[in-house]
Amino acid sequence: MDQTTPAHIEHAHMLFPEGMQLECGFLLAPVRVAYRTYGTLSAARDNAIVVCHALTGDQYLAETHPLTGKPGWWSRMVGPGLPIDTDRFFVICMNVLGGCMGSTGPRDPRPDMPGEPWGTDFPPITIRDMVRAQKLVVDALGISRLFAVVGGSMGGMQVLEWAATFPGMVFAAMPIATSPFHSAQNIAFNEVSRQAIFADPEWHGGRYWEQGAIPARGLAVARMMAHITYLSEEALTRKFGRRVRRDPYNQAGAMSLFGEIFEVESYLRHQGSSFVRRFDANSYLTITRAMDYFDLGADHDGDPSRPFHGTRTRFCIVSFTSDWLFPTSQARLLARALNRAAANVSFVEIDSDKGHDAFLLDEPDFDRTVRGFLSGAAEHARIG
Amino acid sequence: MRLDQRLIADMIRPGTRVLDIGSGDGALLDYLFRTRGCDARGIEIDMREVTRSVAHGLPVMHGDADHDLAHYPDEAFDYVVLQRTLQAVERPREVLRQMLRIGRHAIVSFPNFGHWQLRLKLLTSGRMPMTAVWHTPWYQTPNIHPCTILDFLMLCREEGYVVEQWMAVDEDGERAPWRRSIRLANLFGEQALFLLRRRGR
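Top to bottom, those sequences are chains A and B. Quick note: the first sequence uses full-length UniProt numbering, first residue 1, plus one each step. Quick note: the second sequence uses full-length UniProt numbering, first residue 1, plus one each step.
Treat the hints loosely; a few may be bogus.
Stated by the list, open to error - Taking beta-carbon pairs under 10 Å as the criterion, some of the chain B residues facing chain A (in silico): (1) Phe33; (2) Arg48; (3) Pro59; (4) Met61; (5) Gly63; (6) Leu69; (7) Ala70; (8) Gly173; (9) Ala176; (10) Pro177.
These are calculated hints, taken from the structure and not from any lab test. None of these values were measured; they are calculated from a predicted model. The beta carbon of each residue, even a glycine, is placed where N, CA and C say it ideally should be.
Given only the sequences and the hints, what does the whole structure look like? Please build it.
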């Protein structure tokens with residue numbers, strides 16, 4: 001497999017030498033946050049939207065990705081005239097803390113041992129730590145109130161954490177395809193992903209860089225497994241059905257056991273191998289762990305409504321009918337928690353057969369929902 | 001907006017917090033926000049209506065009167081509105097209790113099953129009456145708890161609700177002239193509209 005590491009790309013970033021105290025108590029310094037912005041910040045600095053990316057996303061939201069050469073992960077949603085309209089809003093997207101696209105993460109050199117990356121010694125981080133790192137950038141940009149925070153999946157967790165931790169700073173919040181806590185089933189999936197990485201002989205106890213190796217097989221298997229959870233049976237059937245083709249990499253004849261492969265297998269292998277070119281295994285472990293820890297009610301006797309008591313944020317929760325990773329039942333738990341806090345909540349379930357990934361794909365009802373919610377909120381916030 | 005919705009809006013003081021259960025296309029919410037400066041939110045069971053409302057910038061959540069009111073705190077709203085839906089909920093008495101728990105006032109409209117045409121049709125044909133208001137056959141109707149204006153008044157008395165205002169309305173939402181006599185309203189009113197609060201407040 002291709003073993004190029006993307007470290008040589010210089011990502012636009014802000015550096016905070018004083019760092020930040022993590023929830024685990026560790027003082028992480030310095031802290032670097034890589035970010036991209038789209039659109040123009042208004043003179044009143046009141047039109048900023050933070051878009052939070054999901055587990056394997058990054059800050060390249062609406063432009064060609066410098067590493068993969070592919071369009072930004074939400075370029076169909078964010079841009080001039082699009083639902084998140086950059087003619088109107090100033091959009092900020094930041095690589096999460098613990099990530100591997102320019103923000104401080106396990107691949108960075110640790111300050112106390114020059115030349116040595118953090119690796120598995122990178123301190124455990126939480127969704128709230130990610131959000132607090134993002135706030136450093138928002139503060140540095142001179143923005144005292146965000147018009148909106150929007151994100152799907154793990155991005156939705158960050159949206160909720162933004163609204164819970166900095167309630168006065170978030171006028172509108174759009175948590176999409178997410179949950180008030182990471183479910184046991186989802187922790188289980190993450191654990192299988194992690195075990196796949198650990199089981200790779202190239203893992204080398206997490207110090208794979210010393211051998212000039214990366215646990216590409218393990219990371220690819222992790223991605224393949226996770227990718228299944230992002231789709232739905234209907235979507236897989238529609239895209240691949242039971243179609244087979246000759247395996248170009250198998251030297252044995254078509255009559256051998258694996259001489260032919262199903263198209264769905266070929267697709268997953270492609271997903272796995274392209275993923276390892278852009279993602280660091282230790283980052284994957286750090287971020288999946290942060291998701292597992294996520295529980296809005298953890299500090300409140302298990303009541304996820306308590307962080308939102310007295311909130312003035314306008315919420316719009318979105319789920320998708322065929323999403324079985326973050327199903328509507330979990331979105332409804334979130335909606336009811338916000339009801340208990342008497343928050344202003346919209347809650348829409350979009351009819352889609354595309355599974356969890358629907359929020360990244362072409363769903364006209366979803367586009368209308370995003371556009372309408374933001375326009376309505378802008379009217380209430382009295383901004384252009 | 002229907003005329004009876006205008007009558008509902010007239011019962012609501014400007015700048016208050018309103019929950020509209022069964023907000024439909026969101027017309028009342030939009031009106032209350034734009035003309036009354038209300039913090040008006042909706043609950044709607046039909047997902048297409050929810051999506052359409054949110055796409056118009058209105059705060060509406062998917063849910064229904066029977067299952068979603070229990071999650072709001074006491075007196076979260078100044079008014080809780082239930083339009084033409086009471087007869088279709090699973091537990092009307094419980095829904096009213098929840099409305100007057102989470103709201104300081106409840107505004108309830110419902111089709112009057114005491115209307116003379118219904119009485120006459122049942123008497124003469126011996127079959128379930130069908131009218132312009134009650135237009136679905138018995139085996140298909142979502143209206144599982146029809147009541148008359150008098151029935152509703154009795155329930156309010158039992159539950160200790162104060163009727164602050166009431167009126168009978170015809171199907172098009174025009175205010176009917178039977179304002180004084182409940183018995184006449186019960187005979188000639190097609191739709192009833194009540195503004196309630198709990199006793200002792």
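Gly63(B) as chain A interface residue, shortest Cβ-Cβ below 10 Å = holds (7 Å)
Chain A contact restraint on Ala176(B) - CB to CB distance below 10 Å = Status violated, d = 36 Å.
Phe33(B) as chain A interface residue, shortest Cβ-Cβ below 10 Å = Because about 8 Å separates Phe33(B) from the closest Cβ in chain A, which is inside the 10 Å limit, the hint holds.
Can the hint on Pro59(B) be confirmed by a CB-to-CB distance to chain A that is less than 10 Å?
-> holds (5 Å)
Once the shortest beta carbon distance from Pro177(B) to chain A is found, is it less than 10 Å?
-> Violated: closest Cβ of chain A sits about 40 Å from Pro177(B), beyond 10 Å.
Does the interface hint hold: is Arg48(B) within less than 10 Å of chain A, judged Cβ to Cβ?
-> Because about 9 Å separates Arg48(B) from the closest Cβ in chain A, which is inside the 10 Å limit, the hint holds.
Ala70(B) as chain A interface residue, shortest Cβ-Cβ below 10 Å | holds (9 Å)
Would the stated hint for Gly173(B) survive a check requiring a Cβ distance to chain A of less than 10 Å?
-> violated (27 Å)
Against chain A, with CB atoms and a cut of 10 Å, does the hint on Met61(B) hold up?
-> holds (4 Å)
Per-residue hint verdict: Leu69(B), partner chain A, C-beta under 10 Å = Interface hint status for Leu69(B): holds (9 Å vs cutoff 10 Å).
Comparing the model with each earlier hint shows violations of hints 8, 9 and 10; every other hint is respected.
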